[in-house]
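Protein chains in written order, with this note's numbering: chain A, 1 to 295; chain B, 1001 to 1295.
Everything labelled a hint here was simulated from the structure, so no lab data went into it. C-beta atoms are modelled at their ideal positions from N, C-alpha and C, and glycine is treated no differently. Check the hints yourself; a few may be wrong.
Ranges of calculated distance between the beta carbons of each label pair, as one might list FRET restraints [said to hold, decoys possible]:
| no. | chain 1 | residue 1 | chain 2 | residue 2 | range |
| --- | --- | --- | --- | --- | --- |
| 1 | B | Glu1027 | A | Arg268 | 29 to 37 Å |
| 2 | A | Arg70 | B | Lys1167 | 46 to 54 Å |
| 3 | B | Asn1246 | A | Met1 | 52 to 60 Å |
| 4 | A | Tyr198 | B | Lys1167 | 48 to 56 Å |
| 5 | A | Leu104 | B | Glu1005 | 54 to 62 Å |
| 6 | A | Lys261 | B | Glu1099 | 47 to 55 Å |
| 7 | B | Gly1061 | A | Lys45 | 54 to 62 Å |
| 8 | A | Ile206 | B | Glu1027 | 18 to 26 Å |
| 9 | B | Asn1173 | A | Lys20 | 26 to 34 Å |
| 10 | A | Arg268 | B | Glu1099 | 50 to 58 Å |
| 11 | A | Tyr198 | B | Glu1027 | 29 to 37 Å |
| 12 | B | Lys1167 | A | Ala166 | 32 to 40 Å |
There are 2 protein chains.
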Amino acid sequence: MLIQEYFKTRKVILEKALDKYLAPSDEYPQQLHEAMRYSVFSEGKRLRPILFFATYEMLIGRKNINRLERLLSTACALELVHTASLIHDDLPSVDNSRERRGQLSCHIKFGEATAILAGDALITKAIEILTEIKNKNISLNCIQILTKAMSTRGMIGGQAVDILSAKKKININTLRYIHLKKTGALLQAAMELACIIYGAEENTSITLGNFALNLGLAYQIVDDILDEVGSFDILGKEPGGDSRNNKATYPSLIGLEKSKKMAEKLLRDSYNLIKNMKNNDVLIEFVNMIKDRLP
Amino acid sequence: MLIQEYFKTRKVILEKALDKYLAPSDEYPQQLHEAMRYSVFSEGKRLRPILFFATYEMLIGRKNINRLERLLSTACALELVHTASLIHDDLPSVDNSRERRGQLSCHIKFGEATAILAGDALITKAIEILTEIKNKNISLNCIQILTKAMSTRGMIGGQAVDILSAKKKININTLRYIHLKKTGALLQAAMELACIIYGAEENTSITLGNFALNLGLAYQIVDDILDEVGSFDILGKEPGGDSRNNKATYPSLIGLEKSKKMAEKLLRDSYNLIKNMKNNDVLIEFVNMIKDRLP
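The following block holds chain A by itself, in its conformation from the complex:
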């Protein structure tokens, strides 16, 4: 199967499930439900759910879209939490982004107050969905993995350090912390969730979790590099945003060449972690997709 086909088909079933789980826009209070749908159905790449599907399909050893039925609730929960974090990140007091994925940010479109509540409601909805998983052990395990990934020791912690570091001189360790937590924690959760549902051995789960952390870090470094030297087309947003926001980036801290080397090493490490696993082709594709963005 072509990789484009793989991504496309998984995206379709995910978006169908998201549509099923979210309240319709005409349900009272309409503006809140509209805001939630507006942000969830913007042009997201759905990387977290697709990484989650790909991990599960590697573990069961076949690509079969019908086998993903029971994974849909968890896949949606991942995407809802990610969307919530983007809505809150875009707020004026946080990253102050007026646009996201080529459309107005949630708070520009619906107002700040509704955007704050839409984020809260998406987090709540994500957990609600996970409680519906039939196997209660798995349900609770999934909730534990997701809340750990979101917590002050995960995504929210990374975002907090990011905010507090703005306009300050920070070192490479702090920058690494921000990216590992802000981006890495939820990617790691995506792979750990697949392991829990499949029933993988703990070793496998740890290895794949590390793969996800490396991948997330590499992605961020490449993003930083493109912000320096890239174009709108590659980046999907106006380059130079980080330096305009006085944000520390890898190139600003260690230079362009060293940043490239670091990204390449992380991608190599990621590859090495999974190279001996069977049916690893889609995961390898994730590594290659990031490598291909490197200028």
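On the provided structure of chain A, position chain B as indicated by the hints.
This is chain B only, laid out in the frame that chain A set:
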């Protein structure tokens, strides 16, 4: 046991448990953990956890603080969700309150961005705590009850309608919706959670849930009345805030006398729902506390 003694002792064990569950303020990222603790340990009345304890102790037929040990996680989850909602409500784009419980609001003290994240983190923590309940059926049931109470069909929905109604003419049904959802939903959850943990019959849970909804609505009406005619001492905040914010209140919609009658009727209805239950003294006290605030 004197009722003051009852409230005080339950408050003490709750606050000890909250202290145990929250990360210490010197844990990285410190400012985020500090902000969470600052808001949780402001002078809250802890009404939701105490209502939850009181319901459970009524059901088991004895007041015994040692029997509350296994309820502490759920009691803390209730208080953390309530605190998160207050932090987000106080934000400039929402209710724009600079003070809360006689101290600066979270966003005034720590900045808006940290306040938004502190709210997110408290919601996440509340769920995390509930996953630790040993009995997995009860754990999942509790998470379901709490997320339903928080959802767009509960607390968050009520808050959304409240925001969207500001500076607009609304009718009494909309105002009732706001209060039932914004305040009632979490009080109802407090009593339903006690029922689930005790293993009460569904009928009992429904009756007590309705008791909580009536109580919440009565509380809000009395608050509205005091905002018209009360003093700082009774209200705990500067009176007249609602009319300054152009907020619809019961007195502004149906007049002072009718508002009083409505509150009295709701309190009578609440009393009638529980008057035949054994060991109902603390719950009756909740009704009386609100009655006593009526001018």
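Quick check on a hinted range of 52 to 60 Å for Asn1246 of chain B and Met1 of chain A, using CB atoms only. This hint holds: roughly 59 Å between Cβ atoms.
How does the Cβ-Cβ distance of Arg70 of chain A and Lys1167 of chain B compare with 46 to 54 Å: does it lie in that range? For Arg70 of chain A and Lys1167 of chain B the Cβ distance comes to about 47 Å; the hint holds.
State, for the Cβ atoms of Lys1167 of chain B and Ala166 of chain A, whether the hinted interval 32 to 40 Å holds or is violated. Once the Cβ atoms are compared, 33 Å apart, the range 32 to 40 Å for Ala166 of chain A and Lys1167 of chain B holds.
Is 26 to 34 Å respected by the C-beta to C-beta distance linking Asn1173 of chain B and Lys20 of chain A? 30 Å, holds
Cβ-Cβ distance between Glu1027 of chain B and Arg268 of chain A: within 29 to 37 Å? 34 Å, holds
For Gly1061 of chain B and Lys45 of chain A, compare the CB-CB distance with the range 54 to 62 Å and indicate the outcome. 57 Å, holds
Should the hint that Arg268 of chain A and Glu1099 of chain B are 50 to 58 Å apart at their CB atoms be regarded as holding? 55 Å, holds
54 to 62 Å was suggested as the range; check whether the CB atoms of Leu104 of chain A and Glu1005 of chain B agree with it. With Cβ atoms ~56 Å apart, the hint holds.
Against the range 29 to 37 Å, how does the distance between the Cβ atoms of Tyr198 of chain A and Glu1027 of chain B compare: consistent or not? 33 Å, holds
Range agreement (Cβ of Lys1167 of chain B with Cβ of Tyr198 of chain A, hint 48 to 56 Å): With Cβ atoms ~53 Å apart, the hint holds.
Looking only at beta-carbon atoms, does the pair Lys261 of chain A, Glu1099 of chain B fall within the given range of 47 to 55 Å? The hinted range 47 to 55 Å holds for Lys261 of chain A and Glu1099 of chain B, with Cβ atoms some 52 Å apart.
Holds or violated: 18 to 26 Å for the Cβ distance of Ile206 of chain A and Glu1027 of chain B? Holds, since Ile206 of chain A and Glu1027 of chain B (Cβ atoms, about 24 Å apart) stay within the stated range.
Against the hints set out earlier in the document, no violation occurs for any number.
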